[in-house]
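Undergrad: Read off the chains here:
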Amino acid sequence: MAKEFELNEVEVWDGNYAASQALRQAQIDVVAAYPITPSTPIVEGYGAYVANGYVDGEFVMVESEHGAMSGCVGAAAAGGRVATATSSQGFALMVEVLYQASGMRLPIVLTVANRALAAPLNVRGDHSDMYLGRDSGWIQLDAFDAQEAYDMTLCAFKIGEHLDVRLPVMVHQDGFTTSHKAQNVYPLQDSVAYKFIGDYVPVDDMLDFSRPVTHGAQTEEDWHYEHKAKQHKALMDSRTVIDEVFADFKKLTGREYKRVESYMMEDAEVALVLLGSSVETAVLAAKQLREEEGIKVGIVSPRCFRPFPYDLVREALDVPSLKAVCCLDKSAPGGAMGALFNEVSAAAYSTKARPMMTNYIYGLGGRDFAVDEAKRIIREQKAHADAGHITTDIQQFSGLRGPKLGFFQTRRG
Amino acid sequence: MVEIRWHSRAGQGAVTGAKGLGSVVATTGKQVQAYALYGSAKRGAAMNAYNRIDDEPITNQETKMYPDYVFVIDPALAFSDDITKNDKSDTQYIITTHLSKEELIAQIPALQDKVERTHVVDCMQISLDTIGRAMPNTPILGAFMKVSKMYDLDFFLENMKKVLSKFPQKIIDANMEAITRAYNEVK
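First to last, the protein sequences are chains A and B.
All the letters of the first sequence, read from the start, carry residue numbers 1428 to 1840 under our numbering.
All the letters of the second sequence, read from the start, carry residue numbers 2 to 188 under our numbering.
Honestly, I wouldn't trust all of these hints.
Derived DSS-like pairs: lysine-lysine, alpha-carbon spacing no greater than 30 Å straight-line [as the list claims (entries may be wrong)]: (1) Lys31/B / Lys188/B; (2) Lys1677/A / Lys31/B; (3) Lys1685/A / Lys1779/A; (4) Lys1430/A / Lys163/B; (5) Lys1430/A / Lys167/B; (6) Lys115/B / Lys86/B; (7) Lys171/B / Lys1430/A; (8) Lys31/B / Lys162/B; (9) Lys65/B / Lys1831/A; (10) Lys1802/A / Lys163/B; (11) Lys1714/A / Lys102/B; (12) Lys1685/A / Lys1714/A; (13) Lys1714/A / Lys167/B; (14) Lys31/B / Lys65/B; (15) Lys1802/A / Lys171/B; (16) Lys1660/A / Lys1678/A; (17) Lys150/B / Lys171/B; (18) Lys188/B / Lys115/B; (19) Lys115/B / Lys89/B; (20) Lys171/B / Lys65/B; (21) Lys167/B / Lys150/B; (22) Lys167/B / Lys102/B; (23) Lys1779/A / Lys1660/A; (24) Lys1809/A / Lys65/B; (25) Lys1831/A / Lys86/B; (26) Lys31/B / Lys167/B; (27) Lys1809/A / Lys1831/A; (28) Lys1685/A / Lys31/B; (29) Lys65/B / Lys102/B; (30) Lys1714/A / Lys171/B; (31) Lys162/B / Lys1430/A; (32) Lys188/B / Lys1802/A; (33) Lys1655/A / Lys1678/A; (34) Lys86/B / Lys1714/A; (35) Lys1802/A / Lys102/B; (36) Lys163/B / Lys31/B; (37) Lys1678/A / Lys115/B.
It should be emphasised that the hints constitute simulated quantities derived from the structure, not laboratory data.
Put together the whole structure using the sequences plus the hints.
TA: Listed below in structure tokens is the structure:
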């Protein structure tokens, strides 16, 4: 039996440590890992718990992140509760196997400390790796701070392992901004956390020799399409399970999470839509502007990045007073509008208000997102609303040095 | 909200110090943040650590701050870092140095209109005498308790002992002595 870890009612933890404690409390059977900055302490922590008897599990050292996720796939197919952590280049190297994990319907949990992708080499936080995973068939949950990194990791097991879901889940937190920032965290005691997640229920596990099964079979044009459609349906249907798990979590802890978080949207005239730790900064800026300048501004954030909550984003933006919405993408868009802009605009198009939509790229490679900058962007949305048309380029760059950069102009007058 | 910026070299324990301060403050029901900006910096490189302390949950995730207190825990950084960056009219400075306050200020133009807000303490010598090596992170917190009057020295020592509980008793005792000396010696 694993030893119980002594926890205070309030701890001062960073996001990495919070995630590693959640992995320990889930009593993971196997972690196969190849550590990378800034997520290193997550698996380092798990290794220490194994060595010190706080978890009955195996830490498997591998030769690369491709090997790490492959090890996870093997262990999960064998019938174990499995998790690992990565960031950036490591995430990129895992990508091939991410699709295997979701296609094989293995409920692995991957904790990601989001980091920029090279080149140029950069260890700091942006959402390039999170975006890289968005078509991989995984559920992607987004934590805005260390407490949420802990909470979302606990929820991830319960969601992914649910027999109606059986899909792998990523829990994202911002590299350094969250992963290395210590704050008050209110953990659950070990037994309470484990009871919330529950025992792992294997499905078609390979180590059940009484019932031989095949994993990772080949299907060509005869069945591949049906498999992928079914997998997509499982992802879409996971929405109700995510809602249930969040509701259970609220009953247990009082902490409420939604697939789409929205703040002060009831009477909003303008809104920002963004992800990650910047959400908290934007909410602070919005509260200050409401008080100081009377701008009716709200903030919306898809906490559940995949399955993309088209339904709840539309609901959040279906406010009659809403005139201008800016979507902020913290990932280099690579010759397109930001992905969040594209997806949120599609949802906004089916609202009655049909607000004006603009896009900012920001925070690449860890560029600081300031309260003052959030306020400037909000004031700009207010200017669009007052003018009745978009007064700037549709896609702009926030916090960029050098000449102003922008693309595309409105045709709505 | 109280905001603190640490000026340190990687390896001098600023991150541990910031987290230690955060842990003590969190036991009193307050909300804290402790973080650093170091990226891929190597041991000895100049770096910053930060604390935020408030009664309400802290949602500001911006790295930059307008500090209420600036801790300089490496003596040379008072000369080479921009220690008055983003300061306010009431920012207090606590600087590790073997110089007297007058000698230090005479050499740092940026501090010359901040005489009343500048405090000096030799955390290097104190930690050499007590802990046995240059580890200025815990003594600076003793000086901070004196300057800020945030907590009584005894209360802070008791809680700091808990934060350091994973260390051998000898090291805990040495740190307590270092904190007490810095509390008494800061000018």
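Undergrad: Would you mind confirming whether the straight-line C-alpha gap from lysine 1660/A to lysine 1678/A stays at or under 30 Å?
TA: 28 Å, holds
Undergrad: Compare the distance between the alpha carbons of lysine 1809/A and lysine 65/B with 30 Å, and conclude whether the hinted pair is satisfied.
TA: 26 Å, holds
Undergrad: Holds or violated: lysine 1685/A and lysine 1779/A, Cα atoms, limit 30 Å.
TA: 23 Å, holds
Undergrad: Taking only the CA atoms, is the gap from lysine 115/B to lysine 86/B under or equal to 30 Å?
TA: 13 Å, holds
Undergrad: Would the pair lysine 163/B and lysine 31/B pass a check requiring their Cα atoms to be no farther apart than 30 Å?
TA: 17 Å, holds
Undergrad: Are the Cα positions of lysine 31/B and lysine 188/B separated by 30 Å at most?
TA: OK: lysine 31/B and lysine 188/B at ~28 Å, within 30 Å.
Undergrad: Between the alpha carbons of lysine 188/B and lysine 115/B, is the straight-line distance 30 Å or under?
TA: Distance of about 14 Å is within 30 Å: holds.
Undergrad: Compare the distance between the alpha carbons of lysine 171/B and lysine 1430/A with 30 Å, and conclude whether the hinted pair is satisfied.
TA: 28 Å, holds
Undergrad: Going straight from one Cα to the other, do lysine 1802/A and lysine 102/B come out at no more than 30 Å?
TA: Given pair lysine 1802/A, lysine 102/B is violated - Cα atoms ~41 Å apart, limit 30 Å.
Undergrad: Would the pair lysine 1430/A and lysine 163/B pass a check requiring their Cα atoms to be no farther apart than 30 Å?
TA: 21 Å, holds
Undergrad: Does lysine 150/B sit within 30 Å of lysine 167/B, going by the straight-line distance between their CA atoms?
TA: Distance of about 27 Å is within 30 Å: holds.
Undergrad: Take the C-alpha atoms of lysine 1809/A and lysine 1831/A, compute the straight-line distance between them, and say whether it is at most 30 Å.
TA: 20 Å, holds
Comparing the model with each earlier hint shows violations of hints 10, 11, 13, 15, 20, 22, 30, 32, 33, 35 and 37; every other hint is respected.
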